[in-house]
Amino acid sequence: EPEVTQTPSHQVTQMGQEVILRCVPISNHLYFYWYRQILGQKVEFLVSFYNNEISEKSEIFDDQFSVERPDGSNFTLKIRSTKLEDSAMYFCASSDGGGNQPQHFGDGTRLSIL
Amino acid sequence: QKEVEQNSGPLSVPEGAIASLNCTYSDRGSQSFFWYRQYSGKSPELIMFIYSNGDKEDGRFTAQLNKASQYVSLLIRDSQPSDSATYLCAVNVLGNAGNMLTFGGGTRLMVKP
Chain A
1 EPEVTQTPSH QVTQMGQEVI LRCVPISNHL YFYWYRQILG QKVEFLVSFY
51 NNEISEKSEI FDDQFSVERP DGSNFTLKIR STKLEDSAMY FCASSDGGGN
101 QPQHFGDGTR LSIL
Chain B
1 QKEVEQNSGP LSVPEGAIAS LNCTYSDRGS QSFFWYRQYS GKSPELIMFI
51 YSNGDKEDGR FTAQLNKASQ YVSLLIRDSQ PSDSATYLCA VNVLGNAGNM
101 LTFGGGTRLM VKP
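Chains as they are written, first to last, in my numbering: chain A, 1 to 114; chain B, 1 to 113.
Hint data in this document are derived by calculation from the structure and do not stem from the laboratory. It is possible that some hints are incorrect.
Claimed, not checked - Computed footprint of chain A on chain B; a stretch qualifies when at least three of its residues, placed anywhere within it, have a C-beta under 8 Å from a C-beta of chain A:
no.	stretch
1	46–57
2	62–75
3	101–111
Ideal Cβ placement from N, Cα and C applies to all residues, glycine included.
Kindly produce the complete structure, drawing on both the sequences and the hints.
Here it is, written out as structure tokens:
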């Protein structure tokens, strides 16, 4: 069964450093998403991306965050200058349509900021 | 403010019993509803989705939706110890350009052998 793949599985970074989290969505999907989950808390929406542009972003997704689809298969989330509070699991998801189509999640990247 | 509420649990049921998980949502514009299963330290895994009022069955799982009451539930029949996990309710609002899902905090289910 096709799946969303994310790398790395765990990233440890010093505060203030830049990190890039990578995702390969399901191949025929057109809509891509990033969510995060701080330990013990709810899954929170960060951003959605369609047709090479951001469709929607949450208040969490401030100027420190950016997303990019650098080629036909990868979808990346960059955090420019990491803070301690950025420590969380980051999930990439994709769907083959908008609206009601279900979103399928990758295994996540655990980001630890020291 | 869009809210999705779930009882955090734990909900404990014996093996073979029916587990009933509930979710309420605040936004009447909500149009699609999803149940995800999340094992500890893992990612959300899609279990069921429902768009229309009524019941939708898939194997041992039944999703129930009542838009008038702003209530969605998941029934798990013949519960197995492997069903022990946190179940997340997620809601999407029609007209939401970005297809944002709003998640509840999840209900932890424990199925005892």
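Going through the hints against the structure:
For a cut-off of 8 Å, the count of residues in the stretch 46–57 of chain B with a CB near a CB of chain A stands at 3, and the three-residue condition holds. With 0 residues bearing a CB less than 8 Å from a CB of chain A, the stretch 62–75 of chain B misses the requirement of three and the coverage assertion fails. Counting residues of the stretch 101–111 of chain B whose beta-carbon sits less than 8 Å from any beta-carbon of chain A gives 6, enough to reach three: the coverage restraint holds.
Consistency with the previously given hints fails for number 2 only.
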